[in-house]
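*Asks:* Take the given structure of chain A and dock chain B to it, following the hints.
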Amino acid sequence: MLDCEAIRPWLGAHLDGEDTLVPREALRLHLERCLDCARHVRALQEFLAALAAAHQAPEVPASVVRKVAWVRWSSRGSSRATLAVAALSLLLVVAAFGAWPAPGSDLLAETVALQQALSEGRLPLDHRGEDPELLSRVLSERLGATVDFTQVAHSGLQLRGARWLGADGKGGAVVLFSSPGQGRDVALAVRPVSGQPRARPRFQVTTREGRRVVSWEHGQVGYTLVAGDGQSARQGCGTCHLPGSPDLDALDL
Amino acid sequence: MGDSDSRRREFEEEVTAELRAVYALAVHLVGPGAEAEDLTQETYARAFAAWDRYALGTSARAWLLSILRSLFLRGRRDLLRHPTAELDEELPGSGEPQALPRWEQVSPQMLEQALATVPLRYREAVVLRDLQGLSYREMAFVLEVPAGTAMSRLQRGREALKRELIQRLDPDAGPAVEEPGPRRSRP
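First to last, the sequence lines map onto chains A and B. Numbering-wise (the working numbering), the first sequence opens with residue 1 and increments by one. Numbering-wise (the working numbering), the second sequence opens with residue 1 and increments by one.
No wet-lab data here; the hints were simulated from the structure. Keep in mind that the hints are not guaranteed to be accurate.
Quick list of in silico lysine to aspartate or glutamate cross-link-like pairs, DMTMM-like style, CA-CA up to 20 Å [as the list claims (entries may be wrong)]:
# : chain 1 : residue 1 : chain 2 : residue 2
1 : A       : K67       : B       : E42
2 : A       : K67       : B       : E35
3 : A       : K67       : B       : E13
4 : A       : K67       : B       : E37
5 : A       : K67       : B       : E14
6 : A       : K67       : B       : D38
Per the computed footprint, the stretches of chain B lying under chain A, defined by three or more beta-carbons under 8 Å from a beta-carbon of chain A, are [stated by the list, open to error]:
# : region
7 : 14 to 20
8 : 154 to 168
Note that CB positions come from ideal geometry on N, CA and C, so glycine has one too.
One chain only, chain A, in its complex shape:
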């Protein structure tokens, strides 16, 4: 059996999932038998978990986003076509990291952009968690209307969290679900709508930038679901809308 002195320097790397000069099996066997080293590993695990919990990456200031967008633009050629693309890139980057348009200006386009930015981690979630009941409660309080995600969460999609829309969160939220096995996450924008409440939802299905988008209003809440493809959209909508549903046939997605 390897002694502790030979093992101890490799425990950190072992815990980090890295290959070391000591075979993993030998390390595992040693840890099963050696209380000292096992305690050492547990202490390191707890310490690393504390780091992960306390760590908050700094928000990128808008000025940095603009500078980088400018660098990106200026590093290209100066032809007219390039200029147009660069200007668009600049707008996209600034939009992705800076202030978002006011809710309602174009929720569909905003949700598509947010789905991508949140999914890729370019924007942080304001609310993190996998508890659909908790998020339903929080959002219902914010919107002053009933929002219920519990059924969607049972569809196989996993709740990741939400990003509030609007400075005070009163403008609604974009809720992010991961779709195991699918390339992209599913985003659901929820925002209050004014006017006469709708008793029955009316669904609109469209495609935007290669993503399937389903929009509807129910009660005094408007929803916009953005999915990577029809399969993800069916996964989300199919929970409530079985094939043949008069409102929305999920198979049509």
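*Replies:* Chain B alone, transformed into the frame defined by chain A:
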């Protein structure tokens, strides 16, 4: 659109997505403010200028962070004239308190302050691995050292950070007491 344009676009998307990680490392190295912003901007200027040397699909984060670190070190050397003066700081002697740390009380601010006390060469390793999520290989690439050296720096950095956090969690804990060392096998 030509193949080169398409690759360029892909490259730009890949590196722009790492902006937060790049800025975070800049802040860890020089603190928040204008210097971190300039360092980030310069990193991207270098990256965009050298885009044809980057292999799509490899670690954009590690590549960008290595550029940033080189720029940072170059600036330091120009400033200090003594390239390694501050980089060779030594760690205090090892030793850990016996009480179990209350890790749940570590706040983001406490972590940042404690991290700032760790000598740069060890702090870099902790930031790259534990906060930025780089693999050991990527960490070694960014630090421009062999993987074994990177691992050793990471260990020492973690130990230093742990000691500092424990001290901050319980300032009255008194002098550090050596933890029992590894058991030695007898011949």
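*Asks:* For each hint given before, does the structure comply? Return the numbers of the non-compliant ones in rising order.
*Replies:* Structure breaks no hint.
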